[in-house]
Amino acid sequence: MGFYLLKRLGLAFAVICAVVLVLFSLLYLIPGDPATIALGPRASPEAIARYAERMHLDEPIWRQFLIFIGNALTGDLGVDVFSERSVTTIVGERLGFTLALVGLGMGWAMTLGIPLGCLAAVRPNSWLDRVTGVLSVSTIAVPSFLVSIWALLIFAVHLRWLPAIGAGEPGDVVDQLRHLILPAFAIGLSWVGYLARMVRASMLEVMGETYIRSARAFGLAPRRVVFGYALRVAILPTITLIGMGFGGLISSTVFAEIIFARPGIGKLIFDAVMARNFPIVQGGVLVATGLYILVVLISDLLIAWFDPRVRESL
Amino acid sequence: MSENRFNTATGLPAIDASGVPDHVAEADIRESAARERREKLRMFLTNWQGMTGLILVILFFASALLAPWIAPYDPNALDIPARLSGPTLDHIAGTDQLGRDTLSRILYGGRVALKIAALGVSIALVVGVFLGMLAGFGPRWLDSLLLLLFDTVRAFPTIVLALATVALTGPSLGMVLAIVIITSIPQYARVARTATLSLRNTEFILAERAFGAGTARMLWHHIMPNVIGPLLILAAMEVPVVVTVEAGLSFLGLGVLPPTASWGTILNEGYLVIRDTPWMVIAGGIPLILTTLGFTFLGEALRDIFDPRMGKGR
Chain A
1 MGFYLLKRLG LAFAVICAVV LVLFSLLYLI PGDPATIALG PRASPEAIAR YAERMHLDEP
61 IWRQFLIFIG NALTGDLGVD VFSERSVTTI VGERLGFTLA LVGLGMGWAM TLGIPLGCLA
121 AVRPNSWLDR VTGVLSVSTI AVPSFLVSIW ALLIFAVHLR WLPAIGAGEP GDVVDQLRHL
181 ILPAFAIGLS WVGYLARMVR ASMLEVMGET YIRSARAFGL APRRVVFGYA LRVAILPTIT
241 LIGMGFGGLI SSTVFAEIIF ARPGIGKLIF DAVMARNFPI VQGGVLVATG LYILVVLISD
301 LLIAWFDPRV RESL
Chain B
1 MSENRFNTAT GLPAIDASGV PDHVAEADIR ESAARERREK LRMFLTNWQG MTGLILVILF
61 FASALLAPWI APYDPNALDI PARLSGPTLD HIAGTDQLGR DTLSRILYGG RVALKIAALG
121 VSIALVVGVF LGMLAGFGPR WLDSLLLLLF DTVRAFPTIV LALATVALTG PSLGMVLAIV
181 IITSIPQYAR VARTATLSLR NTEFILAERA FGAGTARMLW HHIMPNVIGP LLILAAMEVP
241 VVVTVEAGLS FLGLGVLPPT ASWGTILNEG YLVIRDTPWM VIAGGIPLIL TTLGFTFLGE
301 ALRDIFDPRM GKGR
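Protein chains in written order, with this note's numbering: chain A, 1 to 314; chain B, 1 to 314.
No wet-lab data here; the hints were simulated from the structure.
Worth double-checking, as some hints may not be accurate.
Unchecked claim - Derived CB-CB ranges, DEER-like:
| no. | chain 1 | residue 1 | chain 2 | residue 2 | range |
| --- | --- | --- | --- | --- | --- |
| 1 | A | R178 | B | R275 | 53 to 63 Å |
| 2 | B | P258 | A | G103 | 28 to 38 Å |
| 3 | A | W305 | B | F211 | 40 to 50 Å |
Nothing here was measured: the structure is a model prediction, and the numbers come from that model.
C-beta: ideal position from N, C-alpha, C; glycine also.
Please model the entire structure based on the sequences and the hints provided.
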């Protein structure tokens with residue numbers, strides 16, 4: 001396990017460095033003066049000069065990169081062009097909104113999708129199984145941003161059950177939760193389908209194993225066999241799926257935040273793109289990507305923890 | 001059952017120099033291959049998901065290709081008195097904030113989706129297969145390097161990478177295409193790599209090598225035909241993703257620019273007037289859903305019929 005941990009951490013670190021390199025070199029891949037590109041054609045000469053100085057644009061490129069990566073790794077993501085505030089602080093303020101949304105969206109999808117998959121697998125070809133099958137393919141196929149728009153249309157604009165925009169009054173937990181419901185529904189919907197399908201597939205495989213037959217033969221209650229023994233093994237591929245699909249979850253979170261005007265990281269990046277505020281874009285993208293890499297890392301380590309065979313394969 | 005079907009010494013089927021067991025006549029092989037093809041065709045024709053998918057896909061291609069002939073109006077023709085109308089006899093799908101006919105805009109928007117899907121998927125497929133075979137067949141260091149590259153690209157959630165890039169370059173259709181291609185190459189490459197890895201040590205490749213075949217010949221004539229099947233199915237399943245990315249980016253104003261019609265720009269304009277009329281976001285979303293559903297159903301059916309193993313682990 002120790003060796004695997006080390007290798008996996010090394011790989012994650014290499015990917016982080018490569019991501020920083022990509023973010024850094026974007027500025028240079030586009031022809032023209034980097035400071036002007038970063039801040040857009042309307043930026044004042046003073047702002048451009050300040051940016052050039054802060055980014056050490058007069059130094060050779062490799063030194064700029066070392067300074068950039070050094071700063072990024074110590075948590076300094078530069079300063080906002082307009083307010084001169086630290087990007088790290090700004091991103092930090094918004095991170096909570098995004099994490100709450102991602103957590104709730106994934107949470108409801110898991111509490112519904114996993115049992116649904118189990119039930120479908122226990123009774124293959126029953127009506128529940130068929131309905132689950134068609135529904136999961138359909139929810140996977142519908143783009144999440146369309147779910148967001150239509151949910152906004154139906155529940156906020158038409159029925160007026162739930163608020164349409166914002167994150168709710170600060171301090172008022174009930175209001176904040178009400179603002180979370182629609183975006184969380186939108187980003188979680190396709191995951192209900194994904195999870196149900198995945199759990200069903202691996203559950204069917206596990207239910208054919210001999211140790212499940214033994215458990216049944218010993219007279220254990222079916223519920224205990226399914227949730228206590230089979231699910232434990234069947235959940236493993238699902239953990240990988242959650243890790244791999246987390247990038248898609250971040251993408252749909254970006255859309256949900258923009259559509260519901262929720263002040264999370266996605267909205268922050270989007271507004272910064274519109275205002276040509278590249279330091280914020282860079283910082284936000286780095287944090288969002290770092291989050292994704294972290295989740296993939298955790299899911300890989302979890303799998304390796306549960307399943308010793310995986311440790312050999314890297 | 002004659003005795004000479006089996007080699008008496010080994011108990012294995014007797015094989016002559018051509019590699020075909022001598023009891024099997026060439027006509028028998030043809031016959032059984034034809035029977036298998038008929039069987040698969042029958043499986044496909046009786047699979048309602050597959051047929052629904054096929055019909056939707058044909059509809060998508062036909063409506064996009066024939067848009068100039070079947071669209072009732074010019075997509076940019078203004079009918080100001082009828083602006084923001086719901087479905088009427090004149091405008092079956094309603095009109096937008098400038099009185100442009102939504103149905104015509106949807107039909108023309110399908111052309112953008114088709115263009116991006118056709119170009120994006122085919123270029124990514126070709127590059128992905130090439131890089132994947134290279135990684136699987138090449139030296140160890142090249143494999144590691146390419147894997148790191150794939151992991152880095154995959155570490156960016158698609159929309160987030162698009163935001164970072166468009167922040168610098170400004171929106172354009174070419175940019176959308178580039179992002180679609182870059183983010184989907186790793187998918188194909190990984191599948192191609194895994195398949196190549198499992199093939200590279202098989203006997204027929206070893207035999208090829210012993211005959212002195214060059215790497216290019218082995219890759220092109222012997223690895224490729226074995227790798228390409230699952231990849232084509234994967235490509236069918238990738239079309240919805242590509243179409244969704246295009247629509248999503250255009251929705252955010254980061255893809256196709258107005259006044260060009262795209263499903264994303266229709267949704268964007270509809271989102272801005274969502275409190276006045278629901279029809280634009282409804283009409284703009286339906287073709288998107290039908291297209292993604294169509295390709296997903298088709299891809300799934302093809303996968304179930306031609307490659308039952310693939311479905312298991314996903």
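Are R178 (chain A) and R275 (chain B) spaced within 53 to 63 Å by their CB atoms?
violated, 19 Å
Is the gap between the beta carbons of P258 (chain B) and G103 (chain A) within 28 to 38 Å?
Roughly 36 Å apart at Cβ, these two residues keep to the hinted range, so it holds.
Holds or violated: 40 to 50 Å for the Cβ distance of W305 (chain A) and F211 (chain B)?
holds, 47 Å
Hint compliance for this structure: hint 1 is the single one not met.
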